[in-house]
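Chains S and Y, in that order, give the protein sequences.
Numbered by the working numbering, the letters in the first sequence go through residues 1 to 191 in order.
Numbered by the working numbering, the letters in the second sequence go through residues 1001 to 1166 in order.
Do not rely on the hints blindly, as some may be mistaken.
[Said to hold, decoys possible] DEER-style ranges, computed between Cβ atoms:
{"no.": "1", "chain 1": "S", "residue 1": "Pro-92", "chain 2": "Y", "residue 2": "Asp-1055", "range": "36 to 42 Å"}
{"no.": "2", "chain 1": "S", "residue 1": "His-22", "chain 2": "Y", "residue 2": "Val-1106", "range": "45 to 51 Å"}
{"no.": "3", "chain 1": "S", "residue 1": "Leu-8", "chain 2": "Y", "residue 2": "Asn-1140", "range": "52 to 58 Å"}
{"no.": "4", "chain 1": "Y", "residue 1": "Val-1127", "chain 2": "S", "residue 2": "Gln-104", "range": "39 to 45 Å"}
{"no.": "5", "chain 1": "Y", "residue 1": "Asn-1140", "chain 2": "S", "residue 2": "Gly-178", "range": "56 to 62 Å"}
{"no.": "6", "chain 1": "Y", "residue 1": "Asp-1055", "chain 2": "S", "residue 2": "Ala-91", "range": "24 to 30 Å"}
{"no.": "7", "chain 1": "S", "residue 1": "Gly-178", "chain 2": "Y", "residue 2": "Val-1119", "range": "53 to 59 Å"}
{"no.": "8", "chain 1": "S", "residue 1": "Ile-118", "chain 2": "Y", "residue 2": "Asn-1140", "range": "21 to 27 Å"}
{"no.": "9", "chain 1": "S", "residue 1": "Lys-46", "chain 2": "Y", "residue 2": "Val-1106", "range": "36 to 42 Å"}
{"no.": "10", "chain 1": "S", "residue 1": "Glu-144", "chain 2": "Y", "residue 2": "Ala-1071", "range": "36 to 42 Å"}
{"no.": "11", "chain 1": "Y", "residue 1": "Val-1127", "chain 2": "S", "residue 2": "Pro-92", "range": "48 to 54 Å"}
{"no.": "12", "chain 1": "S", "residue 1": "Met-121", "chain 2": "Y", "residue 2": "Val-1119", "range": "23 to 29 Å"}
Worth flagging that the hints you see were computed from the coordinates, not collected in a lab.
Ideal placement from N, C-alpha and C gives every residue a C-beta, glycine not left out.
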Amino acid sequence: MKYLIGYLAIGVLTLVAMLISHLKQEKPKFRFRSELMESIYPERKKWWYRLLDKIVAPVLAGAAVIAVWPIAIFMAVKERFFRKEPEPVPAPKEFSVTRDDLLQQTTIEEIEQRERVIDPMGAVPDLPFGHLNAAWLQFKGHVEPQDSIWTFSSNWTTDWGRREIRAGYVILHGDSLGPHFLTTWKALDED
Amino acid sequence: MTAQIGERLHYEGRETSMCSEPLGDYFAFAGIQSGFGFNCTALWRGYVGTWEIRDGRLYLIGLAGTLKDGAEANVATFFPNYPDRVFAHWYSGKLRVPQGKLLEYVHMGYGSTYERDLVISIEKGVVTETVVQQHGTANNADAPEGYGIGAMTVFPRKPPGSENEL
C-alpha cells in the first residue's frame, strides 16, 4: 500500500511541477483565436462545451498525469530536450513568365491602340487600359529603347492547386525577361 | 475561414448577393494594396462592393468598407473621377449568384450550396453568357432563401497601426 501511496505522491508532485511549468510558459498572443474558433465552431459557446473544456478535460488530464506519471515525465523530457523544430513554411511561389509563354512581338503603339476601353455610359477613361492606365504607364516606364515587348499566355498552378491562365504583356531585355503586365487572370477550372 | 458575406449585385431589377469579387482582380492588376482594415471574420476582404449589370455590362456602383487609417472608403476612394459608376473592364471570369433555398450550409468561404446558381460569364466587363445550374430541391420548406451566412465574429475596431488590418 505504501508503494502505491508513494507512486501517487510522485504523480501529484509531477502534476504540480507540470502546472507550474505550464503557467510560466510564455504563450503566443493571438487575441482573436478564441473568437475565431467560436465563429467556426459555434458549439464552443455552449455551456456544456465550456464545462467539458474548462473543467472536465483538465481534471481528467490531471488524473491521468497522477496515474501514469512516468509517461508524463518521458513526454515532458522528450518535448523539452528532443523536440524537432518545425519545418519552415516555404514562401508561396511567385508567378513569372517564361520564354515558352511568349506568343507574339508587339509594340507600345499597337498595344495602346488595341487596349483602349470604350463604355457607352462613360464609366471609364478613354485611355489605354482604362482604369488600369496608371499601372500601364508604370509598366511602360520600364521599357528601354533596345527592349522588345511580347504578348504572353501562361498556364499557372497556384500553391493551392488552382489552375489558372494568366496573360498580358512582358518586356524582353536582350535575352532576359523583364516586368510583365497582366491583362487576364482566370481560373481554368471555371471553364 | 468563416463563410463570407457576398458582394451585392443589381441584376434584372433585383438586388441579390453574389459569390465573386471582381474588385479583387482590379487590385491585383493595378498592383495596389486594397488597404482595407477588417473587423469581422465573415468579411476578410474588408469591404462590400455593389455591382450592376446594365445593358450587358458589369459596373461597380457602390463600395463600403473602412481603411486601415479608419477612413470610410467608397467608390471615389479608388476611382476619384468616377464616384458613381465604374465599368469593370478588367474583369474576365464568372459571377456566381446563388438562388433558391439553401441545400447545404458550409461555414467556409462561399462553400454553401443552393438550389440554383445563376452563373454569369464576363469577358473584359461584358456579359458573354448566362447559365442557370440546378443543384437540387430543398426538402425543408423552412430552409433559408437566398445567399446568407450563419455566423460571424465582429471585433472592436482598433486604432490605426494595430494588428486587425489587411
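Checked hints:
1. Taking the beta carbon of each, Pro-92 (chain S) and Asp-1055 (chain Y) are about 39 Å apart, inside 36 to 42 Å as hinted.
2. Restraint check, His-22 (chain S) to Val-1106 (chain Y): a C-beta distance of roughly 36 Å breaks the suggested window 45 to 51 Å.
3. In this structure the hint that Leu-8 (chain S) and Asn-1140 (chain Y) lie 52 to 58 Å apart at CB holds, the actual value being about 54 Å.
4. Checked against the hint of 39 to 45 Å, the pair Val-1127 (chain Y) and Gln-104 (chain S) fails, with Cβ atoms roughly 28 Å apart.
5. Judged by the Cβ atoms, the range 56 to 62 Å given for Asn-1140 (chain Y) and Gly-178 (chain S) holds: they are separated by roughly 57 Å.
6. Range check, Asp-1055 (chain Y) to Ala-91 (chain S): Cβ separation about 44 Å, and the 24 to 30 Å hint is violated.
7. Taking 53 to 59 Å as the suggested C-beta distance range, the pair Gly-178 (chain S) and Val-1119 (chain Y) does not conform, at roughly 37 Å.
8. The beta-carbon spacing between Ile-118 (chain S) and Asn-1140 (chain Y), approximately 48 Å, falls outside the hinted interval of 21 to 27 Å.
9. Judged by the Cβ atoms, the range 36 to 42 Å given for Lys-46 (chain S) and Val-1106 (chain Y) is violated: they are separated by roughly 21 Å.
10. The beta-carbon spacing between Glu-144 (chain S) and Ala-1071 (chain Y), approximately 39 Å, falls within the hinted interval of 36 to 42 Å.
11. Checked against the hint of 48 to 54 Å, the pair Val-1127 (chain Y) and Pro-92 (chain S) fails, with Cβ atoms roughly 33 Å apart.
12. At about 24 Å, the CB distance of Met-121 (chain S) to Val-1119 (chain Y) agrees with the hint of 23 to 29 Å.
The structure is inconsistent with the numbered hints 2, 4, 6, 7, 8, 9, 11, although it conforms to all the rest.
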